[in-house]
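A.B. asks: Build the full structure now, drawing on both the sequences and the hints.
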Amino acid sequence: MKKLFGVIVGLLVVCGLLAFGAHRLQSSTGSTGAKVLNLYTWGDYIDPSLLTKFQKETGYHVNVETFDSNEAMFTKIKQGGTSYDLTVPSDYMIEKMKAAKLLLPLDKSKLTGMQNYDPRFLNLAFDHNNRYSVPYFWGTLGIIYNDKFVKPGSIQHWQDLWEKKYKNKIMLIDSARDVMGFSLASMGKSMNTTDPATLLAAEHKLNRLAPNVKAVVADEIKMYMIQNEAAVAVDWSGEASEMLDSNSHLHYVVPSEGSNLWFDNLVIPKTAKHFKAIYAFLNFMSEPKNAAQNAEYIGYATPNKKAKALLPKAIRNDRQFYPDNRTIEHLQIYKNLSPEKVGLYNDRYLEFKMHH
Amino acid sequence: MQRKQRLSRNTAYFVPYTLWILLFVIAPVLLLIYQSFFNIDGQFTLGNYQTYFSSSTYLMMTVNSVWYAFLITLATLLISYPTAYLLNETKHPQLWLLLIIMPTWINLLLKAYAFIGIFSQAGIANQFLSFMGIGPKQLLFTKFSFIFVAAYIQIPFMVLPIYNSISELKPSYINASRDLGATNWQTFSRVIFPLTLPGVKAGIQAVFIPSLSLFMLTRLIGGNKVITLGTAIEEHFLTTMNWGMGSTIGVVLIVAMVIIMWLTGGSGKRHTRKGLTK
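Note that the protein sequences, when read in sequence, are chains Y and V. Residue numbers for the first sequence follow full-length UniProt numbering, so the first one is 1 and each next one is one higher. Residue numbers for the second sequence follow full-length UniProt numbering, so the first one is 1 and each next one is one higher.
Take every hint as true, because none was put in to throw you off.
Derived SDA-like pairs (lysine to any residue); straight-line CA-CA distance at most 25 Å:
(1) Y:LYS76 to V:MET241
(2) Y:LYS335 to Y:TYR322
(3) Y:LYS222 to Y:ARG316
(4) V:LYS143 to Y:ASN228
(5) Y:LYS78 to V:ALA27
(6) Y:LYS165 to V:LYS143
(7) V:LYS143 to Y:MET354
(8) Y:LYS189 to Y:ALA125
(9) V:LYS201 to V:ASN184
(10) V:LYS137 to Y:HIS355
(11) Y:LYS78 to V:PHE237
Beyond 12 Å from chain V on every Cβ pair, some chain Y residues (computed):
(12) SER49
(13) GLY59
(14) LYS98
(15) GLN115
(16) TYR117
(17) ARG326
(18) LEU331
(19) LYS335
Selected chain V positions facing chain Y (in silico; Cβ < 10 Å):
(20) ASP41
(21) SER55
(22) MET60
(23) GLY117
(24) SER120
(25) GLY222
(26) PHE237
(27) THR239
(28) MET241
Calculated directly from the structure, the hints in this document are not laboratory data. For glycine and all other residues, C-beta sits at the position ideal for the given N, C-alpha and C.
C.D. replies: And the structure:
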């Protein structure tokens with residue numbers, strides 16, 4: 001009897017501690033005071049001085065929490081127990097969150113800056129009429145090369161990666177969709193294909209690239225390219241812009257035959273609570289001056305037309321990060337695929353990794 | 001009565017740890033097994049296991065994982081046994097032991113990043129090679145560097161148990177063996193090694209099992225040239241969100257570990273028993 005009692009007391013104590021812990025965690029992310037905004041975003045994805053400015057102007061304090069992948073963010077919001085007011089998913093993830101009913105529609109009457117955005121980046125397939133999302137940044141997938149090892153201009157297309165002279169010289173970003181995607185693009189296929197035979201062909205083509213592949217890595221790619229460890233890399237434009245800032249030998253190319261065009265948009269997850277602060281923030285970030293400051297700090301391309309006009313000429317006219325219209329026309333946005341199809345991409349990609 | 005009281009007090013001491021085990025060891029493993037029976041649509045199925053055992057990719061990955069874990073263990077053992085042996089001969093073994101254990105105080109990721117610096121094109125290792133006239137070599141992203149770094153990380157866990165069993169070895173056995181005319185090699189292979197075998201087995205368990213699922217290193221140091229089951233688990237949980245398949249691979253890994261435990265643990269007992277009846 002005593003033993004049983006002990007066990008029960010023990011259990012109660014543990015439950016109590018867990019409940020206390022959960023409460024503490026919750027209050028740390030979503031301080032319940034009215035003058036806050038809980039922003040859930042990618043690491044280092046907003047100029048901190050803008051947050052101070054926002055607080056000065058509106059009085060709302062911004063709590064920032066970060067994630068490192070769309071999937072991790074999705075899981076955390078879906079599980080609940082959080083109180084994020086705004087988050088920044090990429091295009092296909094917005095589609096997925098919409099389908100999972102995790103997003104709240106925007107109240108357009110409270111938005112003041114939508115006319116600042118380039119119409120090319122509004123009303124896209126992943127969110128018609130921008131019912132749920134406000135553009136934040138956009139970018140591409142492309143090739144970075146080091147002119148110490150590669151003659152400038154000699155890499156223009158995906159197909160160039162397959163050349164024998166790049167044996168053991170190329171680093172790839174560890175992402176199934178992107179690696180399979182550029183293989184598909186090099187064959188002139190859609191980067192959203194779900195045809196198993198086409199995907200198999202893309203894998204076989206990647207297997208032929210294997211001798212040129214030095215490594216398949218993640219964020220470290222940035223560090224390696226800056227340190228001249230590899231001659232060529234396939235990575236996203238945002239990462240590339242950071243690399244280019246630190247190593248003047250690096251160049252970024254978006255193959256004109258097609259590549260991925262991606263968007264990160266601000267959305268309101270269903271966990272949101274501080275609606276006044278949300279709209280104040282969305283309008284604040286839509287102001288050309290603030291968007292331009294953010295774009296200059298982060299180095300990604302801004303979808304805000306008026307903000308782009310405010311950027312220094314050298315950034316504004318940089319074809320690497322603001323490609324010409326002809327290239328943009330060939331870029332493809334990833335569609336949200338069903339879990340089976342995502343699995344198909346990943347299986348093929350895993351086989352390629354095994355092969356290499 | 002008093003004895004009974006003491007008994008119940010003793011059981012009370014076990015409560016925290018039992019709860020811990022139930023909540024954070026038993027329950028997760030059960031959940032993992034439970035999850036492995038569901039497909040991506042949340043339907044109950046045995047399909048994940050069928051996929052696993054009929055897919056050459058997963059089977060190759062399993063072979064790869066076991067093979068690399070074996071190589072890492074072998075490399076670690078070859079370095080650790082002589083080290084532990086010499087350690088026992090030194091004047092201040094505790095000090096040397098402390099130096100060997102010291103790297104475990106440093107975070108694994110930091111150590112991996114340090115090796116990236118050492119092995120990179122402009123790193124110390126290549127500077128040395130250039131100085132020797134061999135010229136810079138590609139060190140990072142090779143199978144060699146992967147095994148090297150993994151062995152570096154695992155060595156303390158192998159040295160400790162071996163050192164313990166060697167230091168427990170009575171010098172009188174070795175003296176007796178020499179008195180009876182055994183050569184150095186015979187002394188080692190017939191007396192020292194068999195008597196320190198339990199330490200070696202404990203070391204193998206401590207190294208082989210974690211090595212099966214090393215996955216940060218496969219990317220950071222191996223550049224994904226080495227693909228193990230850990231890579232597949234990460235992918236299923238984070239990208240494809242096929243938790244069922246990820247759990248299935250996890251269950252297979254657990255079973256593999258149990259087999260290793262059983263092989264290294266069980267055969268040891270049989271061995272000594274055989275030795276006794278002889």
